[in-house]
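Given these sequences and hints, build the entire structure.
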Amino acid sequence: MKKILLACLCLLTLTVSAQNTTLRTPRQLFPGLFEAVQMQRVFPDNKTFVDATPREAPAVILKAYNEQRQLPGFDLNRFVLAYFRLPASAETAYHTNISRGLRTHLDTLWTVLQRPPTYSVAQYSSLLPLPRPYVVPGGRFREVYYWDSYFTMLGLRVSHRPDLIRGMVDNFAFLINRYGFIPNGNRTYYLTRSQPPFFSHMVELLAQEQGDTVLRRYHGALLREYQFWMAGADSLSVGQARRSVVRLPGGEILNRYWDQSAEPREESYQKDVLAAQQGTRPAGQFYRDVRAAAASGWDFSSRWFVPGAGLESIRTTSLVPVDLNCLLYQLETTLARSSQVQANAAAAKSFRAKAAARAKAIQQYCWDKQANWFMDYDWEQRKLSPVRTLAGVFPLESGLATTAQAKQVAEGLRRDFLKPGGLVTTLATTGQQWDAPNAWAPLQWMAIQGLRRYKQNELASTIAQRWVSLNRSVFQQTGKLMEKYNVLQPNILGGGGEYPLQDGFGWTNGVLLNLMQEYPDIAN
Numbered sequence: 000m001k002k003i004l005l006a007c008l009c010l011l012t013l014t015v016s017a018q019n020t021t022l023r024t025p026r027q028l029f030p031g032l033f034e035a036v037q038m039q040r041v042f043p044d045n046k047t048f049v050d051a052t053p054r055e056a057p058a059v060i061l062k063a064y065n066e067q068r069q070l071p072g073f074d075l076n077r078f079v080l081a082y083f084r085l086p087a088s089a090e091t092a093y094h095t096n097i098s099r100g101l102r103t104h105l106d107t108l109w110t111v112l113q114r115p116p117t118y119s120v121a122q123y124s125s126l127l128p129l130p131r132p133y134v135v136p137g138g139r140f141r142e143v144y145y146w147d148s149y150f151t152m153l154g155l156r157v158s159h160r161p162d163l164i165r166g167m168v169d170n171f172a173f174l175i176n177r178y179g180f181i182p183n184g185n186r187t188y189y190l191t192r193s194q195p196p197f198f199s200h201m202v203e204l205l206a207q208e209q210g211d212t213v214l215r216r217y218h219g220a221l222l223r224e225y226q227f228w229m230a231g232a233d234s235l236s237v238g239q240a241r242r243s244v245v246r247l248p249g250g251e252i253l254n255r256y257w258d259q260s261a262e263p264r265e266e267s268y269q270k271d272v273l274a275a276q277q278g279t280r281p282a283g284q285f286y287r288d289v290r291a292a293a294a295s296g297w298d299f300s301s302r303w304f305v306p307g308a309g310l311e312s313i314r315t316t317s318l319v320p321v322d323l324n325c326l327l328y329q330l331e332t333t334l335a336r337s338s339q340v341q342a343n344a345a346a347a348k349s350f351r352a353k354a355a356a357r358a359k360a361i362q363q364y365c366w367d368k369q370a371n372w373f374m375d376y377d378w379e380q381r382k383l384s385p386v387r388t389l390a391g392v393f394p395l396e397s398g399l400a401t402t403a404q405a406k407q408v409a410e411g412l413r414r415d416f417l418k419p420g421g422l423v424t425t426l427a428t429t430g431q432q433w434d435a436p437n438a439w440a441p442l443q444w445m446a447i448q449g450l451r452r453y454k455q456n457e458l459a460s461t462i463a464q465r466w467v468s469l470n471r472s473v474f475q476q477t478g479k480l481m482e483k484y485n486v487l488q489p490n491i492l493g494g495g496g497e498y499p500l501q502d503g504f505g506w507t508n509g510v511l512l513n514l515m516q517e518y519p520d521i522a523n
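Under numbering that gives the first Met the number 0, the first residue of the sequence shown is numbered 0, with each subsequent residue one higher.
Treat the hints with care, as some may be off.
[Said to hold, decoys possible] In the DSS-like style, the derived pairs of lysine-lysine whose C-alpha atoms are separated by at most 30 Å in a straight line are:
#1 Lys353 with Lys382
#2 Lys454 with Lys359
#3 Lys454 with Lys368
Keep in mind the hints are simulated off the structure, nothing from the lab.
Here it is as structure tokens:
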């Protein structure tokens, strides 16, 4: 079996290597046609076209398009349907028998959301091959997503699917080794950015089940991910930023979200173009900050805006996000452990020192003594962001907070963020999906784990109880588990954002399964 798997991996590597020499996105493959389809909204969701598969070579399709579009009565919609195979509709999503219960629904959904290995993909498809089975979030999200997958893996552990966890970690290691980093998702149009770096969390999760050999197995991939996030750090002067790294006033290095492209996102092309026209900034700056927000996973939130302004003011790359740097701290500590397992004491010492330096910098630049909260840091204006968000719980989950700080954060959560259905993402109601009244499973999990780490068990239990109750209530009403929830008015489904509410849903399922296991009284 191992020989067969090795042969498949070698074949996949050769296949991807051949494809990668001419790897192009849909916009690059179909100039002119792409812009027409997206701006005229041939499909209500711009993601439909970038996920479609061409039936002919791009040159053939473009030749036909340029000839036919000049003719009277040309129908762009009909042309696209003739030359492209559309992705499966999200409307065909699985529906459960509610009477069978929530736990049965959760366990069954893994088979619904699981996808087979893609050793090769259709020529000119935007999908990137993966060597092992994986789980997609659901709805319009037909591919694997980076940070979603950690929370999905938590659920797979409860459902006793170590094979699938191992396969997904292998997939991410494959992406790191193939592209030098883990992209937002396995699509060509995501190859300009990553997402919150949870790979070290995934490796640690697998190591809990299989021991320290896991750390040895993935050490190289962990190191390459770290190199991706830290690229350019050595050449920075104070007050400068390059790609994902920023050198702060005291010479410290922290990180920000970044995207290599300053063009509209292909999967949201029309929205980005129209939004850029509403502002006064150069379009390239706007697109870069929009893309960086997508890299953060929080697309979109008042967290990234000028206070009191809207999307047109977005300035993601000007901020050092506290949660991102907590995740990179944990990557450094995992690298210290994996280096130690490999008997490389010098490397282990070096990564422990890097982690300690980052922890000190997070304390210095991200703790707001007036708000008693961990904030993002505005490196351009050299001051704290005034926006309180649930990103402030990440220093608790990673163990960076002092006991006093953890107590103050817990008090702030109880006083300001705790709502009938759980923790609200921010305190601002803007219509953006990562603002009030919405809540998201991964942030509930990080808050609960952080509180438990600092013995704030009563509040952690209260959050878990309210979140599980909300999930259960919506399931009983709809037979579905959702991407996000309205925690202020639990009888109303979550809204906002660039697309309709999605069901499935990988990370919701994973967090819910874990909370039901860890709090059996709530589950029952």
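Hint check results:
| no. | hint | verdict |
| --- | --- | --- |
| 1 | Lys353 with Lys382 | 23 Å, holds |
| 2 | Lys454 with Lys359 | 23 Å, holds |
| 3 | Lys454 with Lys368 | 22 Å, holds |
Going through the hint list in order, the structure satisfies each hint without exception.
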